[in-house]
Amino acid sequence: MTDYRYIGKPIDRVDALEKVRGTARFVGDYHLPGMLYARCLRSELPHARIVKLDVTPALQVPGVVAVITSDDFIDHGRFGFPISDLFMLAYEKVRYVGEGIACVAAETPEAALAGTKAILCELEELPAIFDMEHALDPNAPQIGPAREDGKHPNFLGHFPVYDGDPEAVLVDCDAVIDQNYETVMQEHAYIETEGSLAIPTVEGGVLAYVSCQSPFIARGHIMRTLGLGETAARVINPPVGGSFGGKDDLNYMTAGQVACLALKTKRPVRMTFSREESMIASYKRGAMRMRVRVGADKAGKLRACHFKATYDSGAYSSQSPFTSWRASIHAMGPYRYDACTVDLTTVYTNNGFAGAFRGFGNPEVYAGIEQAIDELAEKLGIDPLDFRLQNCLRLGDTTPHGQTLTESVGLSDCLLAVRKASDWERKRAAYAHQSDPDRRRGIGVTALFHGTSLGAEGTDEATGTIEIHQDNRVTLTSGLTDYGPGSRTVYCMIAAEMLGVDIQRINIHLPDTNLAKDSGPTVASRSTMLGGNATRIAALNLRQNLDYAAADLLGCEVFQLQRAGESYLGPSEEPVPWEVVVEHARRMGLVLSTFGRWSAPKIHWDEEAGRGVPYFAYHFGAQIAEVEVDLRTGLTDVLNYYAAHDAGKVIFPQGAYGQIYGGVAQGLGYALYEDVDYMDGYLQSINFDTYLIPTSVDVPEINGSFVETHYSQGPFGAKNIAEPAMVPVAPTILNAIAQATGRRVRKLPANLERVLLGETLHKKGSPVSCKVALKSV
Amino acid sequence: MPKYSFATAATVDEAVRLLNEPEVRSIPLGGGTDIFVALRVNPLWFDRLVDITHVPELHHIGVADGVVSIGAAVTFTQALESELLQGVAPFLACACENVGGPAIRNSGTLGGNVANAAACADSLPALVCLDAVVHLLSPAGERALPISEFVSGPHQTNIQPGELITHFSFAQPPAGARSAFIKIGRRRAQSISRLSIAAIGTTNAGGAIDYIRITPGAATPKTIRFTPVEDMLKGQPPTRELFVRAGEAMSAEMISVTGRRWSTPYKEIALKAITERVLAAIFLQEAQPC
Chain X
1 MTDYRYIGKP IDRVDALEKV RGTARFVGDY HLPGMLYARC LRSELPHARI
51 VKLDVTPALQ VPGVVAVITS DDFIDHGRFG FPISDLFMLA YEKVRYVGEG
101 IACVAAETPE AALAGTKAIL CELEELPAIF DMEHALDPNA PQIGPAREDG
151 KHPNFLGHFP VYDGDPEAVL VDCDAVIDQN YETVMQEHAY IETEGSLAIP
201 TVEGGVLAYV SCQSPFIARG HIMRTLGLGE TAARVINPPV GGSFGGKDDL
251 NYMTAGQVAC LALKTKRPVR MTFSREESMI ASYKRGAMRM RVRVGADKAG
301 KLRACHFKAT YDSGAYSSQS PFTSWRASIH AMGPYRYDAC TVDLTTVYTN
351 NGFAGAFRGF GNPEVYAGIE QAIDELAEKL GIDPLDFRLQ NCLRLGDTTP
401 HGQTLTESVG LSDCLLAVRK ASDWERKRAA YAHQSDPDRR RGIGVTALFH
451 GTSLGAEGTD EATGTIEIHQ DNRVTLTSGL TDYGPGSRTV YCMIAAEMLG
501 VDIQRINIHL PDTNLAKDSG PTVASRSTML GGNATRIAAL NLRQNLDYAA
551 ADLLGCEVFQ LQRAGESYLG PSEEPVPWEV VVEHARRMGL VLSTFGRWSA
601 PKIHWDEEAG RGVPYFAYHF GAQIAEVEVD LRTGLTDVLN YYAAHDAGKV
651 IFPQGAYGQI YGGVAQGLGY ALYEDVDYMD GYLQSINFDT YLIPTSVDVP
701 EINGSFVETH YSQGPFGAKN IAEPAMVPVA PTILNAIAQA TGRRVRKLPA
751 NLERVLLGET LHKKGSPVSC KVALKSV
Chain H
1001 MPKYSFATAA TVDEAVRLLN EPEVRSIPLG GGTDIFVALR VNPLWFDRLV
1051 DITHVPELHH IGVADGVVSI GAAVTFTQAL ESELLQGVAP FLACACENVG
1101 GPAIRNSGTL GGNVANAAAC ADSLPALVCL DAVVHLLSPA GERALPISEF
1151 VSGPHQTNIQ PGELITHFSF AQPPAGARSA FIKIGRRRAQ SISRLSIAAI
1201 GTTNAGGAID YIRITPGAAT PKTIRFTPVE DMLKGQPPTR ELFVRAGEAM
1251 SAEMISVTGR RWSTPYKEIA LKAITERVLA AIFLQEAQPC
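These protein sequence lines are chains X and H, in that order. Per the working numbering, the very first residue in the first sequence carries number 1; after that it's consecutive. Per the working numbering, the very first residue in the second sequence carries number 1001; after that it's consecutive.
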């Protein structure tokens, strides 16, 4: 095993001190001379035609400097990929409560709000759809864009996987489970709300500080919708206070709006959201309704899976085509089948809108399949962990998609690791025989696979740069953003390891579209693999120059060089300090600034045939939850949690463990508390007093561990961790609850009422708090 | 955030004076844990906040002649840490320990909890069990009201404009009385009560229940003692069978007050459970949280 100096060793996060001391400057901390405050007029109706929009009265309000609408953008600010159905501000129609209609820039936030209230906006309410099951009814009102293929406009896409004929196999199975499962929308609950600041440049362009995931995408939208060239639009990522997938589309709108206003007013313009505005306007994890049929033979061999689901994308497509696709790929779980069909249909409704959220469709499908697998094991009388071990994907297996797994498949080892760590066999047996009428315990398990990076969604590459400066400090850039997971620290570790220098020499710039290279979106837990490889190659290119200089200086061949700490050694010389080698390289005229690009292995997916190679590698994992349920109040306590993940080689241990802990906490909220409830399109919980996420005392001790299978294409053998840690948490907890209570909760969250009664209680909602919050500072 | 002014009172008299200055709508500010949340979705209903938390006597907790007195600005943390309250009314200390999280307990006050009069207020069931008296001061003089008359409904009280709650008082419960409080929240902290129950009682030399008060929280619009259930328990030897019947009676009583609401299918079952548990904690010494 290679002995690394930094890789896999504990180290301080590069941004730890500034975060702990509160010196990190987020968008909301910027106050520039002459800066204006922007505020959106947002829709109070879930579906309406904009009959009249007259902003002139707003311009009469003291302090208001400018007002923009969709007319101020090219093609009304239309954007979105792969379906362009979003606008920088609503055009002709609004499709959800909270959609931006016009944007006001004013001297104070109060004046901006007064400006939004003065706008004459006449909305003609249209019939709306709030139940995804009725989105494709023939007479359903049109929400999605008109289609030319004759399909219903509210049909967003169909996402299949086809492997043989599961119907034919299911009839032959000894045991079949046929159940419906349902998940609800989830709020990202990032600590920093949305925000952007745009500053007009003397050249007539705009510099924008955007709290987002992907600065190059923000720049692209600004360029295209405002008619600016690449050099006239520049985006810098300030520190981002959490994202979890949530700082994409909506904040690109925010960025476009302030950029437009900055160009119009020739003054800096900043917009930051209140928590209520953030919760009302922002996209969520989408809701899914599933029917899962799985069958096995008596011996416990899984034979067939038929997974059929509807996914609610809300008012816009946003990332749903990709989310739905990822969901379809993983919907059968990490198992071998004789035959498998996945049949997922995504639709438009007027329930806010759904976009990217950690796990990207997988927490939804796992809430179905990983409960169904458990129910099937129970029906067969087989231990659910043994059942998974018997059927899980292993090295050399071919997946239902037709992909043969040739390396880095640690799933069975993960299952064995959590079985041992949790004392599974003893607890599972003990909890099967309990007599306390009030409180009972249960233990549940899940198995996970999660495709790494984008998959066959599109081009998958990244570029990093590295440079040695006159003072011998080294700086890196990456086109990928570190909104919390720790990728900047990973890049510094990789660069230090590759160059053989102290990590203290290395700094990494915040993403800046003028300094860094476009590396695609910061999504899909791809930063370590893509950005890490790019950094590794950039540093390797730089080291080759330094090695060449060192060999020249030491009068030897490159292969004869050795290192002692940072210093270089030749065959017969005393060690030469690294700085001397660098200086020699400068005198030789060598360039001490290099870049590295890494492209992911080629993969392909046939959307019609539902077959192909969807991802170049997979993360695997297994989790176990131990719960105590109060049978008479429905209260669930998660007592212990065990998570083993095959993330490949772990580069930054604290960061990786942090992802497990955070993922489990976020998944616990999804399992037990969180419910984005739209009553006729109006969000019912608009702040954290009623939208409950776990507190520190709700999260148990988490026993995390890693199964480090080496992945040949990853940097130092690394794969990824960020999303996968969260993906299977809800079904893990639900499986434990099922053992404790003897009853399944098949709709998330497993709140007091569902656990106690086995049914959902419906509280009458109200549009009032939404409407008030949209008019408050 | 809407604009309003702010004043700090150093004494009770100054607080009352500030609250009664003409043409300024003033309201007392305790910890602000309800006011500042409400401000985000409600139009401004005052012009000035009068901070009463710096008035020393409003932080007083004491007992004289068998009457316990708690100042209105006593925070939940002060209450739960008070050895006096832990001794005479442990269920009140326990209720205070169940409020929010540490930060909310450090700033939120009992006076504020009662004045806000939420149906789910954590301190109300114990205070109602104790038949606490609310002491009010205004330029017209002192006024005292039983808490069950002071709170008239959810977020409704009989406080008059310009009146300040100065303190609460209650007669020291009988010697040997045991009390307990149980709260169901959706999570373990920072949680609004889904349902709660406070009870206090004793048995006589013959082993029969001779003193019992029982009050559910978040069960009825106005927090009230369920006296029919108390009457049913009185004179009976404390047994599990009795508590099961008491639980059923509690749920029936709740439904007779509220009718069947969206949450009734849950609450009627959960109230039975916590009724049995709270009575078992008092009379059968079964352990309960705090």
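Worth double-checking, as some hints may not be accurate.
[Said to hold, decoys possible] BS3-like cross-link-like pairs, simulated, lysine-lysine; straight-line CA separation at most 25 Å:
#, chain 1, residue 1, chain 2, residue 2
1, X, Lys52, X, Lys9
2, H, Lys1234, X, Lys775
3, X, Lys763, H, Lys1003
[As the list claims (entries may be wrong)] FRET-style restraints, in silico, Cβ to Cβ:
#, chain 1, residue 1, chain 2, residue 2, range
4, H, Asp1131, X, Asp29, 48 to 54 Å
5, X, Arg563, H, Gly1101, 48 to 54 Å
6, H, Gly1101, X, Pro577, 50 to 56 Å
7, X, Arg25, H, Glu1286, 53 to 59 Å
[Stated by the list, open to error] A partial selection of chain X residues facing chain H, derived with a Cβ cut-off under 10 Å:
#, residue
8, Asp172
9, Leu510
10, Leu635
11, Tyr673
12, Val676
13, Asp698
14, Gly742
Hints are computed from structural coordinates only; laboratory data are not their basis. Glycine is no exception: its CB is placed at the ideal position from the N, C-alpha and C atoms.
Structure-based check of all given hints:
Simply put, lysine 52 (chain X) and lysine 9 (chain X) have alpha-carbon atoms about 61 Å apart, too far for the 25 Å limit, and the pair is violated. Our distance criterion of 25 Å between C-alpha atoms is broken by lysine 1234 (chain H) and lysine 775 (chain X), whose separation comes to about 55 Å. Simply put, lysine 763 (chain X) and lysine 1003 (chain H) have alpha-carbon atoms about 34 Å apart, too far for the 25 Å limit, and the pair is violated. Roughly 52 Å separates the CB atoms of aspartate 1131 (chain H) and aspartate 29 (chain X), a value that falls within the hinted 48 to 54 Å.
The hint said 48 to 54 Å for the Cβ distance between arginine 563 (chain X) and glycine 1101 (chain H), and at roughly 52 Å that hint holds. Checked against the given bound of 50 to 56 Å, the beta carbons of glycine 1101 (chain H) and proline 577 (chain X), roughly 54 Å apart, stay inside it. Arginine 25 (chain X) and glutamate 1286 (chain H) have their C-beta atoms about 55 Å apart, which keeps the hinted 53 to 59 Å range intact. At about 42 Å, the closest approach between the beta carbon of aspartate 172 (chain X) and any beta carbon in chain H exceeds 10 Å, and the interface hint on this residue is violated.
A least Cβ separation of about 31 Å between leucine 510 (chain X) and chain H goes past the 10 Å threshold, and the interface hint is therefore violated. Evaluation of the leucine 635 (chain X) hint against chain H yields a held restraint, the C-beta minimum of about 6 Å falling below 10 Å. For tyrosine 673 (chain X), the suggested interface contact is upheld, since its CB lies about 6 Å from the closest CB of chain H, less than 10 Å. Hint status for valine 676 (chain X): violated, given a least beta-carbon distance of 15 Å to chain H, over 10 Å.
Hint status for aspartate 698 (chain X): holds, given a least beta-carbon distance of 5 Å to chain H, under 10 Å. Annotation: glycine 742 (chain X) was flagged as interfacial toward chain H, and the flag is violated, the nearest CB pair being 17 Å apart, outside 10 Å.
Hint compliance for this structure: hints 1, 2, 3, 8, 9, 12, 14 are broken, all remaining hints hold.
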